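Engineer: Dock chain B against the given chain A, drawing on the hints supplied.
So the sequence lines, in the order shown, correspond to chains A and B. Just so we're aligned: 54 in the working numbering is position 53 of the first sequence, and the numbers increase by one with no gaps anywhere. Just so we're aligned: 145 in the working numbering is position 143 of the second sequence, and the numbers increase by one with no gaps anywhere.
Honestly, the hints are just simulated from the structure, not real lab data. Since we're looking at a predicted model, the values are computed, not measured. For every residue, glycine included, the Cβ atom is placed at its ideal position computed from N, Cα and C. Any given hint could turn out to be false.
[As the list claims (entries may be wrong)] Below, a list of computed lysine to any residue pairs in the SDA-like style, where the Cα atoms sit at most 20 Å apart:
1) A/Lys72 / B/Leu179
2) B/Lys281 / B/Ala537
3) B/Lys282 / B/Thr529
4) A/Lys53 / A/Thr27
5) A/Lys65 / A/Ala50
6) A/Lys65 / A/Thr51
7) B/Lys281 / B/Thr535
8) B/Lys110 / B/Ser25
9) A/Lys72 / B/Ile182
10) A/Lys72 / B/His186
11) B/Lys281 / B/Asn536
12) A/Lys72 / B/Arg187
13) A/Lys72 / B/Ile175
14) A/Lys72 / B/Pro217
15) B/Lys281 / B/Arg349
16) A/Lys72 / B/Val298
17) B/Lys345 / B/Ile37
[Said to hold, decoys possible] Negatives, chain B to chain A, calculated, CB over 10 Å:
18) Leu23
19) Leu27
20) Val124
21) Ile234
22) Tyr241
23) Leu302
24) Ala317
25) Ala340
26) Lys345
27) Phe373
28) Val458
29) Ile476
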Amino acid sequence: MQEHSEHHIVPKRVYALVFATLIVLTWVTAWVATVDLGAFNIYVALSIATFKASIVVLFFMHVKYGTRLTKFIVCSGILWLMFLLFVTMGDIWTRSWMGVPGR
Amino acid sequence: MIAASAPVKEQKNYLNAENGLKSWLLTQDHKRIAILYLLSVTVFFIVGGLFAALIRLELTTPAGDMLDSNTYNKVFTAHGVVMIFFFLIPSIPAILGNFLLPLMIGAKDLAFPRINLLSWYVYMLGGTLGVIVLATGGVDTGWTFYTPLSTTYSNGYVVLTAMAAFVAGFSSILTGLNFIVTVHRMRAPGLTWFRLPLFVWAHYATSVIMILGTPVIAVTLFMLMLERGLHIGFFDPAYGGDPVLFQHLFWFYSHPAVYIMILPSMGVISEVMSTFCTKKPFGYTFIAFSSVAIAVFGFLVWGHHLFVSSQSAYAGMVFSILTYIVAIPSAIKVFNWAATMYKGQVRLTAPMLYAIGFIGLFTVGGLTGLFLAAMGLDVHVTDTYFVVAHFHYVMVGGAIMGYMAGIHYWWPKITGRMYNQLWAKVSCCLVFIGFNLTFFPQFVLGYMGMPRRYHVYPAEFQVLNVLSSGGAAILGLGYLIPAVYFLWSLKYGAPAGDNPWGATTLEWQTSSPPPTTNFEVTPVVTTEVYDYTNAEVPHIV
Numbered sequence: 002m003q004e005h006s007e008h009h010i011v012p013k014r015v016y017a018l019v020f021a022t023l024i025v026l027t028w029v030t031a032w033v034a035t036v037d038l039g040a041f042n043i044y045v046a047l048s049i050a051t052f053k054a055s056i057v058v059l060f061f062m063h064v065k066y067g068t069r070l071t072k073f074i075v076c077s078g079i080l081w082l083m084f085l086l087f088v089t090m091g092d093i094w095t096r097s098w099m100g101v102p103g104r
Numbered sequence: 003m004i005a006a007s008a009p010v011k012e013q014k015n016y017l018n019a020e021n022g023l024k025s026w027l028l029t030q031d032h033k034r035i036a037i038l039y040l041l042s043v044t045v046f047f048i049v050g051g052l053f054a055a056l057i058r059l060e061l062t063t064p065a066g067d068m069l070d071s072n073t074y075n076k077v078f079t080a081h082g083v084v085m086i087f088f089f090l091i092p093s094i095p096a097i098l099g100n101f102l103l104p105l106m107i108g109a110k111d112l113a114f115p116r117i118n119l120l121s122w123y124v125y126m127l128g129g130t131l132g133v134i135v136l137a138t139g140g141v142d143t144g145w146t147f148y149t150p151l152s153t154t155y156s157n158g159y160v161v162l163t164a165m166a167a168f169v170a171g172f173s174s175i176l177t178g179l180n181f182i183v184t185v186h187r188m189r190a191p192g193l194t195w196f197r198l199p200l201f202v203w204a205h206y207a208t209s210v211i212m213i214l215g216t217p218v219i220a221v222t223l224f225m226l227m228l229e230r231g232l233h234i235g236f237f238d239p240a241y242g243g244d245p246v247l248f249q250h251l252f253w254f255y256s257h258p259a260v261y262i263m264i265l266p267s268m269g270v271i272s273e274v275m276s277t278f279c280t281k282k283p284f285g286y287t288f289i290a291f292s293s294v295a296i297a298v299f300g301f302l303v304w305g306h307h308l309f310v311s312s313q314s315a316y317a318g319m320v321f322s323i324l325t326y327i328v329a330i331p332s333a334i335k336v337f338n339w340a341a342t343m344y345k346g347q348v349r350l351t352a353p354m355l356y357a358i359g360f361i362g363l364f365t366v367g368g369l370t371g372l373f374l375a376a377m378g379l380d381v382h383v384t385d386t387y388f389v390v391a392h393f394h395y396v397m398v399g400g401a402i403m404g405y406m407a408g409i410h411y412w413w414p415k416i417t418g419r420m421y422n423q424l425w426a427k428v429s430c431c432l433v434f435i436g437f438n439l440t441f442f443p444q445f446v447l448g449y450m451g452m453p454r455r456y457h458v459y460p461a462e463f464q465v466l467n468v469l470s471s472g473g474a475a476i477l478g479l480g481y482l483i484p485a486v487y488f489l490w491s492l493k494y495g496a497p498a499g500d501n502p503w504g505a506t507t508l509e510w511q512t513s514s515p516p517p518t519t520n521f522e523v524t525p526v527v528t529t530e531v532y533d534y535t536n537a538e539v540p541h542i543v
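Excised from the complex, chain B in its bound form:
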């Protein structure tokens, strides 16, 4: 893909260029900031996972015998808030996006390195507020903060929790701003828009959502804080407000937020598919524009969360139709990935297995979303485990599988070391099996009528709940094993070389780990993206 690239030689890289804690905490290098995010996001993933474990443990029996009702409410709220605001939303953009976007476009850094570092500190401030809430008693509203529960009736630390999400949102805005400006202004010579890797297109679309949507949730949470703290009426009918207005404002951001989670994963899958099929992604332009289409149409479907909230039936019909429409660009991607594999030189490496797993799980998640877009059916399954299963198929089966695919794919570039392929494949299989065992029974539970957010349930639901909890244990093991072999690889892993997978995008043309300035010589792009004409396909064990 490139005409001039970095000469391969022993050199300092971003990891050893400077030493000491101060060099990390004050770094402006996008790669080091990505590592800071990796560490902090991983901590929040573990915390959120522990809350999930508590939920599944409680639900193994029909009686509420481990957690009382109030504690259970706080536990599922903590799980949702931590996983969504502090893990899923920042995970791929702030870690892989931060690390790779400049490398993929041949730039030395993001457009605003100081703002990039600021975004991490803002994220940590939001996270610290969240931890204070957890340590001092928690909150019981659910991650959705619905009014009037949150503004009037809840006894938890609602304002502080909303403040945590409010602050973390600004981190997201800063990252999105940085990505958009970087893609517009810092592309290497010859790197036209249609030579950009699909990962960059996906992050560009994600950034648009971050910038246009996040301010709305910030304002909404601010209004919630004003109403709860100062009794200024927005949502409470007693003050002339409308509780459904909160849901409109909340979901105007929070539905597109699902695309903040899933679009970057789709970008990862496009890269992994191309590399391990040794083939340009089928329908490159369609995949690129479908990312933009998802970003645009994703903003127009929020009302499908309000079908049973006294929303007008006419508004509901419009939202229902728009929700069906937003499935089209997602389907375009899935069909194109499948077509990429067709007659490709497929290599079943660990990242590729995760990518294939993503396609299967995301397809289930996406198609069950269409069930929920049907107003009549939605009335039956609203606030049941069917919905819980659906969004976990999208946000865990989709977003986290994509994240895992990305971490496994770029780990050699990030650290310069290879990890054990066999263990990686084993853990991928465990994640796939564990995930399906956890969440597929929840579709059945939901259809049978088990509501979400209750810790006591009729005895006939126990078998499916035990299956689900057993699956969660396997899933947890599947997530734990990579931590072991990744840490092992840092010391004992074989040197990765610059391009261990035989990929064609620019980040693989520099050394592993990359130098602080990314490239010794600014690359000049003269060929089309994903050009495998002269690519060497290495044998990977």
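Excised from the complex, chain A in its bound form:
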């Protein structure tokens, strides 16, 4: 009945690499904010942020080495965030579909 997970020992080198990546990407975030990419400003910033969050979750929070149940729980959290974002945006995207009477 009980699910047993092994305690994975992550080499310090991996932590150091993740940390260095986060520092570099923070610098990239700050730098890219000074460059006008037009419509892509937001996409680039969010992509970098998502990548940084992903490596924190996978390595610092050990989800990469966790059980399937742990991964399932993490994925369900992301799924719920998607529900929130897409359904909320669904409201905003469709507001103009129906005209305002009198206009």
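Structural biologist: Only chain B this time, still in chain A's reference frame:
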């Protein structure tokens, strides 16, 4: 239900195992932490009740002759904030869930006892912030903190109040986390998922909502604080924000929060129904999965709070349909409880009366929710007393009736003492009558057009308002009487014995009150849940 259980003998229990204030404030025993919650949640219930009394007293006359407008705004805000964040949300999970979940699954404690104690301290920190707000002048936004009132126009302590709710939310997250891990990892040998009591299923589903939803309200309130304090634009159009975005984010948590309140009550009702009908709940699997279905679908209906908030009509249609769908699992439960009573050996004890009352009141609350899910009708009754009546039927008629049923059902286990059945039945009847007298007239008032959150109203609404206030007085008395007989029972109540109701779940197989480690011997479950084959049905007076 069990093959091996605790030998019955005179022994120390969790109440007398250690003495002194320090032993309580630093305890890691889930049962003692439940008692800490019981005491603190009860204090907040009394505070919230006093604010309700002020509201009903003011509304006995059409003129605003007792409270001025600003004070009235602060009073109903305080009532809502205290009752929702500091009473209803923690009440059953943090008290009964904390006490019973490990016992019901044959575990010695929750998975993370220190985190459990931390959750109480975090709750108390949030509560203290809330009390500071009340003591220093209050806040007038309503418990919903709608923008731009909260971010721009309110003169109250909005940031501190939002901080109180923000902090209390973390207590909820810690409790939910603890419950989920405990149910997954600490079940007794032989206790498969489909041998779990329905109370455990309900708390598991509740915990999922706590974990997935509470962070969203935390972030939302944080954004509100940033906008009000630092003028960082999220919701104010002047800063490029959208006020309706606040409502989306707020209700993404706050609608499922209703299920945080009601699902644990449903778990209680399933236990009480089974025990006092001496019968396995009809459709056990359906009830179990309906809890999970409510937790999932409950997250997808928040937009029905935004039908008149400039939300897209197309989004509104989708939310309307989803709201009708979420009624299905709730209806499954109600039908199954009714079917459990059919041809059951029904015993009308006090907990059972509360449970039956729950079914009636929750059904009214749930069905009027369907009225509100209809977009056309909702436009007519939005922000009227119809809505106030609806959610009180769900959150008081449902959640608090379930809480009262649970307290009456497990009181003998928690304290080892029986209480007076006659007085308990009298108080249950008073609560039922008082509740209906308080809130049914509000349906009529709302349909006639009386808006909520106003203390001055046209004279033709006075009769119904006086009826409502009179009902509130009866309801208050109904809640006061149990405090007397429960306290009385602590000293004079007859010893309860291990299993006074003839129940079958594991918590009744250990002594009353239970020992610190819950069971002398870890139980091994060999039979199905709610197996009454060899159960003895005691006569209860």
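Engineer: Going through the earlier hints one by one, which of them does the structure break, listed in rising order?
Structural biologist: Of the numbered hints given earlier, those the structure breaks are 17, 23 and 24, listed in rising order.
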